[in-house]
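Sequence order for the protein chains is A and B.
One point on numbering: in the numbering used here, the residue at position 160 of the first sequence is 160, and numbering is uninterrupted.
Residues are numbered in the numbering used here as their position in the second sequence, beginning at 1, plus a constant of 1000.
Wrong hints could be hidden among the right ones.
[To be verified] Straight-line C-alpha distance at most 20 Å; calculated DMTMM-like pairs for lysine to aspartate or glutamate:
# : chain 1 : residue 1 : chain 2 : residue 2
1 : B       : Lys-1162  : A       : Asp-129
2 : B       : Lys-1039  : B       : Asp-1170
3 : A       : Lys-100   : B       : Asp-1170
4 : A       : Lys-100   : A       : Asp-74
5 : B       : Lys-1039  : B       : Glu-1080
6 : B       : Lys-1066  : B       : Asp-1051
[Unchecked claim] Far from chain A, some chain B residues (derived; all Cβ distances over 10 Å):
#  : residue
7  : Val-1044
8  : Gln-1122
9  : Arg-1222
10 : Pro-1296
11 : Val-1333
12 : Leu-1399
13 : Arg-1423
Please keep in mind that the hints were generated in silico from the structure rather than gathered at the bench.
Keep in mind the model is a prediction, meaning the values are calculated, not measured.
Heads up, the beta-carbon is just placed ideally off N, CA and C, and yes, glycines get one too.
What follows is the residue order along each chain.
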Amino acid sequence: MKIFFSVILCVLFISVFLACNPGATRTPDELFRAEEPMEAPAQESMKAPAEAKPVQQAVKPVKLSLETVYFGYDRFDLTDESRLILAEHAKKLKENPGVKILIEGHCDERGTIEYNLALGDKRASAVEDYLVNYGVDPGRISTISYGKERPVAAGHTEESWFWNRRAVFVILE
Amino acid sequence: MKTLLSLKARMLLMLGMGIPGCSVAQNEVYLKIQSERFKPVEIVVEDFRTDEPSELASAMRDILEKDLEFSGYFRAVPPEVRGRPAAVLLKSSLSFRGSTGNLRCELSETVSKRRILARSLQFPIERFRLAAHRTSDSVIRALIGDEGVACTKIAFVSGGRKSKQVKVMDLDGHDVRQITANDSLNLSPAWSPDGLLLAFTSYALGNPDLFFYSFDGNRAFRMSSSRDLYTSPAWSPDGKAVAYTLTVRGNADIYLMEAAGKVRGRLTNNPAIDCAPSWSPDGREMAFTSDRSGSPQIYLMDADGGNVRRLTFQGSYNDSPSWSPRGDLIAYVSREPDGFQIFTMDINGENNRRLTPGGGNYEDPSWSPDGMHIAYASHSGGRWDIYVMDWDGSDSQRLTSTGGNFAPAWSPRLPLPEDFVER
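The shape of chain A in the complex, shown without the other chains:
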């Protein structure tokens, strides 16, 4: 399992590297299947909305699910892969006009609490801006930053850090 994960991650990093070269071929839809080995923590992150919005009832089982997007170290700009994913998200959101979402911005454990809270907010806002530019009503989107306080991957390695630098989508209604 671990080797499988490592291989996937290597492919992912190589792909990201290639993506930096104009004209290089990339298969963004493949890239983020690597999330699957992270099943357990990914489920955990879905519990977040209940904590974030204690006044709300438990979130109903959701048909719509929006894939998490990831960021570079100390970066909040969207990668080309993220842009493609977000364009799909925008399409789905426009097809489901009743749905409201919360975008959670998260960071890896490196750096200080305060700086990472601000950075997480920048990530969430960058995603929000992109969706709004693609025609999603800003009234349907709210954002929150958890900085480095709520990692999905507990390790202290590049792998863990990668999975923790993310914007997570929580379907509110």
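Add chain B to chain A, keeping to what the hints say.
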């Protein structure tokens, strides 16, 4: 008016001309700062005399001795060291009346027998730890002229991924008290200069809001109104205002609010992240973190937001500035090849000195009110705990051992409770 000790002078504590010959003018402190060689005063802390054999007496004696050693001014020794007497002798007696204890202390030179301090302290027995801490501060004041910090506390954040709570503990790690009790994240505690309030960030209402907790009445008040991100509160030294970081749509800037909550203005206005303000002790300037240059670096500005200048140029990540109460140093965190480490620098950005030894990350430096110690969080022990060290990085000690402890904030000197009587 006490003059500020220079950076060098922090290390220069030494006995006068040797205790026996030391003449002391009435209003002068007993010990002089004279030489570059640091030499703690040797003190004998005698066993407490007490009417009835008491575990309390030996517990208090041990607390007192530990406090004196922690101060850096003293070394506790047995009555004779290699045939030579220790410099000073502290005799104490403890008596009880009902639920009240009475601790009488007498500090004297061992050779001349001259009395330096005689004091009695009445205290509720259940608060014996504070009574011992107070006695340490009295000894330090009498001998050094400085106010000790044994009666201060450290606020910190404790918890895991799901919830983190603000707690307060004594300087020796005892008497941990939980301040927040909700199922959410509570972060960034900051003391008001009078020690009566703690400002902090809480997600308890679903948004990272700014709260003030009042120790008088044990209640928390939400001070922010918008659903934006409020972090890193920092009280002005006069207690009249709080600087804080407000992040609106991804743009973090530093703002100022009056202690009563009215927003007074915006201090930075830059699309980059500006956060983590720390006031100069005279209240005229603030250090803060900004990534306007492309990476987080430490800057100074005047308290009205003007005259911004960059302080750090070494390293790709400098954050968490904390201005020493003595005014001469700024502690901060810098990313090194072996992790995040705590540094100090002069307030012109020079003389960057690394204080921490590596083997893990070190974060969130917070000064003691006398500027002699720094509290910090580190996971050098395999998990995150709160530590204290001397201002120059020496003598680190761990205060917590549960793991999951972050963001220490050292309190100001706290007033003696009303049920204590000092004579």
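query = Are there hints from earlier that the structure breaks, and if so, what are their numbers?
reply = 1, 2, 3, 4, 6, 10, 11
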